[in-house]
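2 protein chains.
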Amino acid sequence: MKLDEKGLLIVLSGPSGVGKGTVREALFKMEGHDLVYSVSMTTRSPRDGEVNGREYYFVTRDEFIDNINNGKMLEYTEFCGNFYGTPLDEVNKLINEGKEVLLEIEVNGAMQVKEKMKDAIFIFIAPPSFDALKNRLIRRGTETNKSIDDRILKAEREIGLAINYDYIVVNDEVKNAADKILAIIRAEHAKTKRTIEKYNELLEIKK
Amino acid sequence: MKLDEKGLLIVLSGPSGVGKGTVREALFKMEGHDLVYSVSMTTRSPRDGEVNGREYYFVTRDEFIDNINNGKMLEYTEFCGNFYGTPLDEVNKLINEGKEVLLEIEVNGAMQVKEKMKDAIFIFIAPPSFDALKNRLIRRGTETNKSIDDRILKAEREIGLAINYDYIVVNDEVKNAADKILAIIRAEHAKTKRTIEKYNELLEIKK
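Note that the protein sequences, when read in sequence, are chains A and B.
Here the first sequence is numbered in numbering that gives the first Met the number 0, starting from 0 and rising by one per residue.
Here the second sequence is numbered in numbering that gives the first Met the number 0, starting from 0 and rising by one per residue.
Be careful, since some hints might not be right.
Since the list gives no way to pick one copy over another, a pair counts as held whenever it fits inside one copy or between any two copies.
[Said to hold, decoys possible] Quick list of in silico lysine-lysine cross-link-like pairs, PhoX-like style, CA-CA up to 20 angstroms:
| # | residue 1 | residue 2 |
| --- | --- | --- |
| 1 | 1 | 174 |
| 2 | 190 | 117 |
| 3 | 190 | 174 |
| 4 | 28 | 115 |
| 5 | 117 | 174 |
| 6 | 192 | 117 |
| 7 | 117 | 5 |
| 8 | 113 | 190 |
| 9 | 115 | 71 |
| 10 | 133 | 98 |
| 11 | 98 | 197 |
| 12 | 174 | 5 |
| 13 | 5 | 115 |
| 14 | 192 | 115 |
| 15 | 153 | 174 |
Simulated from the structure, these hints should not be mistaken for lab results.
Taking the hints into account, I'd like the entire structure generated from these sequences.
Printed below as a string of structure tokens:
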């Protein structure tokens, strides 16, 4: 029996190169959750086969900036000259439907969400060590040495922000990390702040 | 990889008749935890085969009262003229060994622990409905009607105290409830407040 019928907003974040995407994919393949993605908004042009409202909401730069100014973006970032972000209405709609909305975003975006959504769950994916992260950033790249140094510096800054999260999960093994995240989602649903209303109703407790 | 190597104190509680003991037994039979009991202290006489320090620490009434007065009992209760309680040293020793110490205790005892152990995890086992609890209390008993009425009144008071707990888990099915508790234990280990120290060490973050 579920005392918490509302949805959750789960923010999965961590430094570049930590393997957030791989953990997220493993998580979605597992059973025992009601996780959904929220469709992001972008100003980049749709690629062949991409459908508006499925891969992304494709909007103009002016429309995107209007959304930012009207408080309609939960978080956003600019990358290679294009905006990418999460529309607030989309997330709220899914949460109200009882869905577990997962955002896999950069540390900077997560901090933006934290200011707006008090009830969201913030999970920081950590590397097993700083060397492991560096090696991953180096191995990844067709990048020049300069760009790798930049990314390592950025990662260094990002790993210092873990303290702002509710949970820290080490990505030592993808399956293990995904398992822990599932446990966190189950536990969060049982939190008294999320269950007490339905509990009082169920047990006919007068306030 | 475990960032939290310390133990946990998990307090499992709930109204009389809710099936705390059954959930606790199911939990101990499951895998994926490091749960241990803490040996309680009592003033009742040992029964045949009971060993001091195994089933209970058997002490005199004076010794028990001394322990209470010296702040050495984490919680205690008097039942049918005998004291029963949890020695604080025992619990601290197990936590320092990295164990997950489970206390299955009455609501009153749990509130005593709450005052002393800020870091403990409080899980309230709830019945699926008040009628289900009443039926269980009635079925259970060789008790007189009077005593059943007393227990129902007590249970009614106890179910109102769920708000003081961190989590509420409905005992609709024992396996389901035990599963949720395991998820809570895993999630609690990943909490930033328990992991940040080791995390900073691991990633060589200077404070």
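How do residue 117 and residue 5 come out at 20 angstroms by Cα distance, when the copy is not named: within, between, both, or neither? within (15 angstroms within a copy, 29 angstroms between copies)
Within, between, both or neither: residue 190, residue 117 at alpha-carbon 20 angstroms: both (15 angstroms within a copy, 17 angstroms between copies)
Tell me, please, which holds for residue 133 and residue 98 at an alpha-carbon limit of 20 angstroms: within, between, both or neither? Intra 36 angstroms, inter 34 angstroms, cutoff 20 angstroms: neither.
Are the CA atoms of residue 5 and residue 115 at most 20 angstroms apart within a copy, between copies, both, or neither? within (18 angstroms within a copy, 33 angstroms between copies)
Should residue 113 paired with residue 190 be assigned to within, between, both, or neither, using CA atoms and 20 angstroms as the limit? Both, since 19 angstroms and 17 angstroms are each at most 20 angstroms.
At most 20 angstroms between C-alpha atoms: does residue 174 with residue 5 qualify within a copy, between copies, both, or neither? Intra 27 angstroms, inter 23 angstroms, cutoff 20 angstroms: neither.
Status of residue 197 relative to residue 98 across identical chains (alpha carbons, at most 20 angstroms): Classified as within; 17 angstroms inside a copy, 33 angstroms across copies.
Cα distance capped at 20 angstroms. Does residue 28 pair with residue 115 within a copy, between copies, both, or neither? This pair counts as neither: shortest intra-copy Cα distance 29 angstroms, inter-copy 42 angstroms.
I want to check one pair: residue 153 and residue 174. Are their C-alpha atoms no more than 20 angstroms apart within a copy, between two copies, both, or neither? neither (26 angstroms within a copy, 45 angstroms between copies)
Given a CA cutoff of 20 angstroms, do residue 117 and residue 174 count as a within-copy pair, a between-copy pair, both, or neither? neither (29 angstroms within a copy, 32 angstroms between copies)
Within, between, both or neither: residue 1, residue 174 at alpha-carbon 20 angstroms: between (26 angstroms within a copy, 14 angstroms between copies)
Between the shortest in-copy and the shortest cross-copy C-alpha distance, which are at most 20 angstroms for residue 192 and residue 117: within, between, both, or neither? both (12 angstroms within a copy, 18 angstroms between copies)
The earlier numbered hints that this structure contradicts are 4, 5, 10, 12, 15.
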